[in-house]
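Q: The chain contents come next:
There are 2 protein chains.
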Amino acid sequence: MPTLTVTAPDGVAEVGAGADLADLLLPHVELDDGDIVVVTSKVVSKAEGRVVEGDREDWITAETVRLVARRGPTRIVRNRLGLTMAAAGVDASNVTRGAVVLLPEDPDASAARLRAVIAERTGRNVGVIVTDTAGRAWREGQTDIAIGAAGLLVLESFEGRVDAHGNELAVTAPAVADEIASVAELAQGKLGGRPFAVVRGRADLVLPAGDDGTGSKALIREDGADMFGYGAREAVVRALVAAPGDDAPFGAPVTAEEFLDLLTTCGVPARVDGATVRCGSEHEGRATILGFAHGWSAQRDPGGVDLRFHRTTP
Amino acid sequence: MPTLTVTAPDGVAEVGAGADLADLLLPHVELDDGDIVVVTSKVVSKAEGRVVEGDREDWITAETVRLVARRGPTRIVRNRLGLTMAAAGVDASNVTRGAVVLLPEDPDASAARLRAVIAERTGRNVGVIVTDTAGRAWREGQTDIAIGAAGLLVLESFEGRVDAHGNELAVTAPAVADEIASVAELAQGKLGGRPFAVVRGRADLVLPAGDDGTGSKALIREDGADMFGYGAREAVVRALVAAPGDDAPFGAPVTAEEFLDLLTTCGVPARVDGATVRCGSEHEGRATILGFAHGWSAQRDPGGVDLRFHRTTP
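Taken in sequence, the protein lines are chains A and B.
Residue numbers for the first sequence follow my numbering, beginning at 1 and rising by one.
Residue numbers for the second sequence follow my numbering, beginning at 1 and rising by one.
Worth flagging that the hints you see were computed from the coordinates, not collected in a lab.
Misleading hints may appear alongside valid ones.
Stated by the list, open to error - Listed below are several chain B residues computed to face chain A (Cβ distance under 7 Å; list not exhaustive):
| hint | residue |
| --- | --- |
| 1 | Thr3 |
| 2 | Arg139 |
| 3 | Asp226 |
| 4 | Leu260 |
Stated by the list, open to error - Ranges between beta-carbon positions, derived for each pair:
| hint | chain 1 | residue 1 | chain 2 | residue 2 | range |
| --- | --- | --- | --- | --- | --- |
| 5 | B | Ala109 | A | His165 | 26 to 32 Å |
| 6 | B | Thr264 | A | Gly160 | 49 to 55 Å |
| 7 | A | Ala275 | B | Asp106 | 49 to 55 Å |
| 8 | B | Asp306 | A | Ala17 | 21 to 27 Å |
| 9 | B | Thr74 | A | Ala17 | 43 to 49 Å |
Note that the structure is a prediction, hence the values are computed from the model and not measured.
Ideal placement from N, C-alpha and C gives every residue a C-beta, glycine not left out.
Build the full structure now, drawing on both the sequences and the hints.
A: Next up, the structure:
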């Protein structure tokens, strides 16, 4: 019977800049090969001196690559690590008042360093995950996710595998590193004092010593490949104000036939003409916005009245 | 030291319509008060006779409330349970070829029934979660989530709680039922044969006997409150084609001042006039689309040329 155990040691010392994470953890646990060590990014950040003074809003801006959505004072952004999070992952809890904690500079590297130190001091081959807490689209509440990983298969792959009935498995990639982050949170809680957890029972996910794997980056959907790269309202505003030729990451551009279909659906009669799509210029505004939103840009026919659309991205 | 254990029994019999889930589980586990029993929706559906013949695409349409996003053959929809999922949660794996499995009619009720039967036969007070596998915005891979729950606090609340430094905890609601679903998946795997898991160590989340709690519905963000209720491209198309007065769920409508700010940002000079917002009719197209997307609808001034916007939703 597969059994998983998760332990989150109490009594770990308060972490300051320059702290050695392995020193903090190892007195409290007996590690085995194949264990997965989970640590909150908060503690990694503190050890790495990422606690800063200054205005939280300014730090959020500094950590932001682009705005994804905003509602009132809440900014959901894509940050420099590629993570889509409220407040860019900048946090002001479990830290001295007035200070804010930035995410680690490179959480995959932080995980790899901790893995190496654990191997050196204990001889054990473990996987390491660095976690943070994140909200989700469509669902209330937050879960912990893996923002750093080393020595671990972060996505299982069942592609091409069949079940007992011979059906191909539709769900091909359980995000096991995120699932492990979540189970660690259940043992750690949110009130501080338990920054580490050890998950035992999925040694099959731990990579051989010396192989740190893809890290957590494999869990981040590429910006242009995401259908939810903007909030619904922000997408509309962006489509209205964007400069022509700005290839906003609304997802992979649609084919000429799909674009034609969209234009027609939106009341813009059009036709495919070789590699371009054409419509009458009386539909310029609407057709241009649709084109922009789907990876096509408009040009007026030289000397003519038609609009000619061509793909802005390959 | 907080310890969580998760066990997923092997050797559970194949499930047919009318099967008694407690009969299948109880021979394999010794339950304690405060345990959390997790069962896949696949098995609940089979027991409840939700395996159907017919075209999968037709069944997806039947289970769909509205389209959220589409890319090629993949439809992400909001289904009749309020879940935003690829293919509406209709699945064709781990079932006879040609058949498809619909989600349970009411997974919270399914969870409550199983909880009651377990209490009756064992005298134990457990929480029950029904799980399904779902993709996420922004991140690759899937995790298991709680689509049904009984006798369990599904969202922890730290609102108003402070940490050891006196800071208010910014993250106020860990979605513990989803985290428990994820840890169960880690023990169950995806190849079938382990439909149940028992999670021990968070008895604090289990409600008193007789109190089934909110169920999993508390984890679903209300349609109009979601910033990601449409894919970015779908939001743009919807804004272009929607009928005036159709209050698309783009999120809570913005205030007059915010709407004014948006209009100005998008090159539409406007002004606030009492409870309405006004702009010149030369900006009709763009202003109407922006208004639609933000909960405001346009009317031409009787006998005048200005557009007058008023809130479509309270």
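Q: Give a verdict on every hint.
A: Here is how each hint holds up against the structure:
1. Thr3: Hint holds; B:Thr3 Cβ to chain A Cβ min 5 Å, cut 7 Å.
2. Arg139: holds (5 Å)
3. Asp226: holds (6 Å)
4. Leu260: The hint is violated - B:Leu260 has no Cβ within 7 Å of chain A, the shortest such distance being about 14 Å.
5. B:Ala109 - A:His165: 26 to 32 Å: The hinted range 26 to 32 Å holds for B:Ala109 and A:His165, with Cβ atoms some 28 Å apart.
6. B:Thr264 - A:Gly160: 49 to 55 Å: holds (53 Å)
7. A:Ala275 - B:Asp106: 49 to 55 Å: holds (51 Å)
8. B:Asp306 - A:Ala17: 21 to 27 Å: violated (60 Å)
9. B:Thr74 - A:Ala17: 43 to 49 Å: Since the Cβ atoms of B:Thr74 and A:Ala17 sit about 46 Å apart, the hinted range of 43 to 49 Å holds.
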